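What follows is each chain in one-letter form.
Number of protein chains: 2
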Amino acid sequence: MASTSQAGYTQPGIPRGTRDFGPTQMAQRTYVLEVIRKYFTRFGFQQLETPAMENLAVLTGKYGEEGDRLIYKILNSGNFLDGVNYAELAINPPALAAQICDRALRYDLTVPFARYIAMNAGKLTFPFRRYQMQPVWRADRPQKGRYREFWQCDADIIGTESLICEGELVSLLWQAFSELGLSGIEIRVNSRKLLSAMAERLEGGADGQNRLQDFTQAIDKLDKIGREGVEKELRERGFSDSTITGMGPLFESQEKKATGYDALPGILRWLSGTAGVLSENGKLAEKELLEVAHYAQTLGVPSNALVFVPTLARGLSYYTGCIFEVVTLETEMGSISGGGRYDNLTGIFGLEGMSGVGVSFGIDRICDVLETLNRYPATLKATSTTILLHALDGDGLNVAVNQLAMLRHNHIAAEIYPEPGKPKRALSYADKLGIGFVGLFGSEEIAKESLSIKDMVAGTQELVPFADVAAFIKEKVRL
Amino acid sequence: MASTSQAGYTQPGIPRGTRDFGPTQMAQRTYVLEVIRKYFTRFGFQQLETPAMENLAVLTGKYGEEGDRLIYKILNSGNFLDGVNYAELAINPPALAAQICDRALRYDLTVPFARYIAMNAGKLTFPFRRYQMQPVWRADRPQKGRYREFWQCDADIIGTESLICEGELVSLLWQAFSELGLSGIEIRVNSRKLLSAMAERLEGGADGQNRLQDFTQAIDKLDKIGREGVEKELRERGFSDSTITGMGPLFESQEKKATGYDALPGILRWLSGTAGVLSENGKLAEKELLEVAHYAQTLGVPSNALVFVPTLARGLSYYTGCIFEVVTLETEMGSISGGGRYDNLTGIFGLEGMSGVGVSFGIDRICDVLETLNRYPATLKATSTTILLHALDGDGLNVAVNQLAMLRHNHIAAEIYPEPGKPKRALSYADKLGIGFVGLFGSEEIAKESLSIKDMVAGTQELVPFADVAAFIKEKVRL
Chain A
1 MASTSQAGYT QPGIPRGTRD FGPTQMAQRT YVLEVIRKYF TRFGFQQLET
51 PAMENLAVLT GKYGEEGDRL IYKILNSGNF LDGVNYAELA INPPALAAQI
101 CDRALRYDLT VPFARYIAMN AGKLTFPFRR YQMQPVWRAD RPQKGRYREF
151 WQCDADIIGT ESLICEGELV SLLWQAFSEL GLSGIEIRVN SRKLLSAMAE
201 RLEGGADGQN RLQDFTQAID KLDKIGREGV EKELRERGFS DSTITGMGPL
251 FESQEKKATG YDALPGILRW LSGTAGVLSE NGKLAEKELL EVAHYAQTLG
301 VPSNALVFVP TLARGLSYYT GCIFEVVTLE TEMGSISGGG RYDNLTGIFG
351 LEGMSGVGVS FGIDRICDVL ETLNRYPATL KATSTTILLH ALDGDGLNVA
401 VNQLAMLRHN HIAAEIYPEP GKPKRALSYA DKLGIGFVGL FGSEEIAKES
451 LSIKDMVAGT QELVPFADVA AFIKEKVRL
Chain B
1 MASTSQAGYT QPGIPRGTRD FGPTQMAQRT YVLEVIRKYF TRFGFQQLET
51 PAMENLAVLT GKYGEEGDRL IYKILNSGNF LDGVNYAELA INPPALAAQI
101 CDRALRYDLT VPFARYIAMN AGKLTFPFRR YQMQPVWRAD RPQKGRYREF
151 WQCDADIIGT ESLICEGELV SLLWQAFSEL GLSGIEIRVN SRKLLSAMAE
201 RLEGGADGQN RLQDFTQAID KLDKIGREGV EKELRERGFS DSTITGMGPL
251 FESQEKKATG YDALPGILRW LSGTAGVLSE NGKLAEKELL EVAHYAQTLG
301 VPSNALVFVP TLARGLSYYT GCIFEVVTLE TEMGSISGGG RYDNLTGIFG
351 LEGMSGVGVS FGIDRICDVL ETLNRYPATL KATSTTILLH ALDGDGLNVA
401 VNQLAMLRHN HIAAEIYPEP GKPKRALSYA DKLGIGFVGL FGSEEIAKES
451 LSIKDMVAGT QELVPFADVA AFIKEKVRL
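Chains as they are written, first to last, in my numbering: chain A, 1 to 479; chain B, 1 to 479.
To be clear, the hints were calculated from the coordinates, so they are not data collected in a lab.
Quick caveat: nothing in here was measured; it's all calculated off a predicted structure.
Worth double-checking, as some hints may not be accurate.
Put simply, identical chains are the same to the list, so a pair is met inside one copy or across any two.
Result set (DSSO-like, lysine-lysine): computed pairs, CA atoms no more than 27 Å apart in a straight line [to be verified]: (1) K232 <-> K256; (2) K224 <-> K448; (3) K448 <-> K257; (4) K123 <-> K422; (5) K123 <-> K424; (6) K257 <-> K474; (7) K38 <-> K381; (8) K257 <-> K144.
Work the whole structure out from these sequences, hints included.
Okay, structure coming up:
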């Protein structure tokens with residue numbers, strides 16, 4: 001934590017888990033955001049922004065107990081203790097927090113989106129295709145790929161049950177990641193209805209919805225704790241030994257590292273049992289998964305990029321249909337995108353019957369992956385300046401400022417080194433920032449109404465008449 | 001405040017002073033931000049982003065007592081009361097707040113910028129031209145043009161004392177506002193050194209720096225409380241009657257509504273007194289003001305757009321040279337931009353001797369002004385979609401999805417109405433969103449391998465072969 005030192009100044013620092021993004025990093029982040037935005041708009045998504053602060057009650061209880069603890073709460077202004085029985089509440093910090101904090105920082109973009117839909121349903125045209133690119137905050141323990149401030153980029157289509165939407169989102173993921181140089185991704189897909197069909201077959205554990213929860217929470221950990229770990233956890237959650245033994249085909253399909261939809265027939269056979277009959281949920285899941293793959297392929301997604309993973313569960317409880325997760329196979333990073341269909345997300349805000357489907361790009365992890373794989377375009381630069389002007393003496397200054405105006409008027413990004421003098425410092429400045437050209441004004445140049453333009457890459461220098469400078473630069477950089 | 005209702009769902013709402021920005025407003029805000037960004041980059045500014053959360057100690061004491069109260073503090077996670085003597089501190093909420101909140105929300109972009117410079121000075125190339133476009137938060141009373149979450153767009157040049165920089169920033173303001181259709185602005189300029197020269201002439205009040213503070217804080221209110229109000233306040237702050245009477249020329253120059261630099265000679269005469277000698281501060285101020293006007297004009301700013309206003313003071317205490325404020329004369333809105341030169345902003349973080357100058361665009365007020373004056377471009381739309389495809393029956397669906405992929409592959413923003421059927425709903429959807437073209441697929445169209453394209457503005461309909469659809473649309477919208 002920053003503090004005022006004895007020298008009387010404030011020690012500068014930033015909170016753990018947050019970052020400053022200097023010009024080079026901003027060029028990289030902007031590149032990623034703009035590629036994604038390009039596909040969002042090409043796919044007809046409309047932009048929404050919601051406030052960083054939400055009413056605490058809007059967020060509480062939407063992300064599970066763990067989530068509630070990770071929400072950043074904002075202290076009420078003024079006499080925040082007025083009317084609070086703090087002595088009694090001191091033994092119960094969460095209860096006190098809710099009394100002294102009416103607002104909190106956005107935890108994701110999905111709940112604010114649902115809140116917005118519930119508040120504005122009457123004014124909106126459905127199906128509503130919205131995108132949103134904003135930071136979110138979580139009081140999580142910082143570690144690799146996990147920050148306390150990070151950006152989400154979400155695209156959702158709400159107000160239709162059509163599976164074309166799932167296909168479109170898979171196509172969106174594929175196109176955006178391909179353009180980012182990450183075609184080595186796997187878009188993993190499963191259906192919550194298939195998980196329900198599995199849970200229906202299981203003996204032991206709790207009934208109905210709770211059994212599904214217990215089951216999905218256990219198999220969701222397969223990547224982390226392995227088959228034995230999941231079997232142990234299922235046993236602890238009360239599932240019978242015969243159930244666990246019977247789950248062999250599920251684990252085996254995973255161990256085989258099936259590609260595309262190769263694992264689907266085996267899983268459907270397993271779920272059909274000895275009677276050879278698929279349950280209602282099983283049938284719906286099969287239809288969903290096949291239709292989504294069909295639309296995705298029609299939209300140009302290679303069939304091996306979309307992989308059916310029967311153990312994919314995703315933590316969030318609001319998903320009801322297809323669920324997605326994107327991983328890169330080129331480096332260890334966990335998921336870099338995810339999403340799914342929800343049938344009643346806005347129900348928590350009193351608006352029932354709004355089915356939707358969405359995906360979220362994890363910008364910070366994507367940036368980390370591009371950095372690790374050294375896959376940012378080489379053209380990204382901290383500055384957009386094309387030419388730096390420099391006056392060798394005071395007389396050159398006015399002429400330089402004049403030419404500066406002329407260049408900018410011609411839409412050429414230009415700046416002037418603000419202090420006239422020997423060129424050494426100006427050239428070093430241009431070199432460090434990667435500025436391609438330096439224009440020098442001395443008495444000789446002024447007498448000839450010309451500018452000495454140094455090409456910083458080629459190392460050459462040419463005398464160019466003032467009237468030709470803009471055309472000369474445009475030609476050089478093909479503006 | 002939102003709360004969980006008896007029906008079991010959360011009442012949706014947003015905190016007072018914050019806003020959701022739906023697609024139409026986002027199109028407007030993006031337009032404003034991108035115009036400003038265009039000039040930021042054309043002028044060679046490099047982008048910086050800092051975290052929304054700063055350590056509380058970084059912000060405390062930097063904005064005056066009033067500012068400290070308006071900073072949003074973030075409650076520490078977990079057992080935030082551990083080690084806090086809350087019973088004793090209950091009588092002193094600010095002291096308790098500092099114990100249970102280590103972090104706070106960014107209040108402006110200037111202090112985080114100074115903090116960043118102090119932390120990264122060794123790695124940066126100076127002069128450093130940085131721009132930053134991010135929201136800030138203040139627990140202010142919401143009213144017209146004042147929000148609790150609002151965006152600032154700042155451009156600063158730090159590490160040089162050259163007055164070319166002031167000239168460049170005036171040119172930046174002029175060019176950006178002109179392109180936004182707000183050439184009816186007045187860029188007001190004064191110099192803190194001129195205010196010092198004035199304060200030196202005054203009798204009464206406190207000594208030195210405090211006298212300057214008292215004086216500037218009083219005349220800063222001239223617009224709000226008028227000449228009599230300021231005279232009363234000066235008297236209350238201990239200035240002598242003869243001083244106040246002697247300030248006639250200052251008030252009179254304002255009452256005359258001088259244009260350009262018309263008021264400067266009179267003020268300089270007044271400050272030179274009967275002896276006809278200008279103080280050191282007076283001389284420096286004169287030089288500053290004249291040089292800035294010279295550079296601004298060389299850079300193309302009309303001389304009547306830059307107005308010398310001797311009573312312009314600006315609240316913030318860190319300014320040391322020229323100060324700026326932009327007002328529009330076309331509607332009542334207060335200042336829509338402001339800035340100035342600071343000689344030691346980073347000194348509070350232990351880095352001395354870094355002179356800089358910057359301006360800040362108040363995006364939310366600029367948007368309010370454009371809205372009031374109805375001056376947004378008519379072309380701004382909520383959606384970027386050029387064509388909506390619609391299948392009249394299930395058979396058309398696959399063909400439609402195929403054509404959808406083709407259009408997007410041709411960089412045409414396209415979407416499909418996800419449910420096949422009679423065209424009424426799809427046409428109404430396109431109409432409401434302002435989508436220019438609707439492509440219909442029925443059995444007739446499929447048989448002819450063509451698409452019926454309806455021009456929603458002209459009301460015409462044409463049958464276009466699949467192979468020509470992309471070229472047809474590009475021709476129509478001149479892509």
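Do the hints match the structure? See the list:
{"no.": "1", "hint": "K232 <-> K256", "in the structure": "within (21 Å within a copy, 86 Å between copies)"}
{"no.": "2", "hint": "K224 <-> K448", "in the structure": "neither (72 Å within a copy, 55 Å between copies)"}
{"no.": "3", "hint": "K448 <-> K257", "in the structure": "neither (72 Å within a copy, 45 Å between copies)"}
{"no.": "4", "hint": "K123 <-> K422", "in the structure": "between (63 Å within a copy, 23 Å between copies)"}
{"no.": "5", "hint": "K123 <-> K424", "in the structure": "between (61 Å within a copy, 19 Å between copies)"}
{"no.": "6", "hint": "K257 <-> K474", "in the structure": "neither (53 Å within a copy, 44 Å between copies)"}
{"no.": "7", "hint": "K38 <-> K381", "in the structure": "both (20 Å within a copy, 16 Å between copies)"}
{"no.": "8", "hint": "K257 <-> K144", "in the structure": "within (26 Å within a copy, 60 Å between copies)"}
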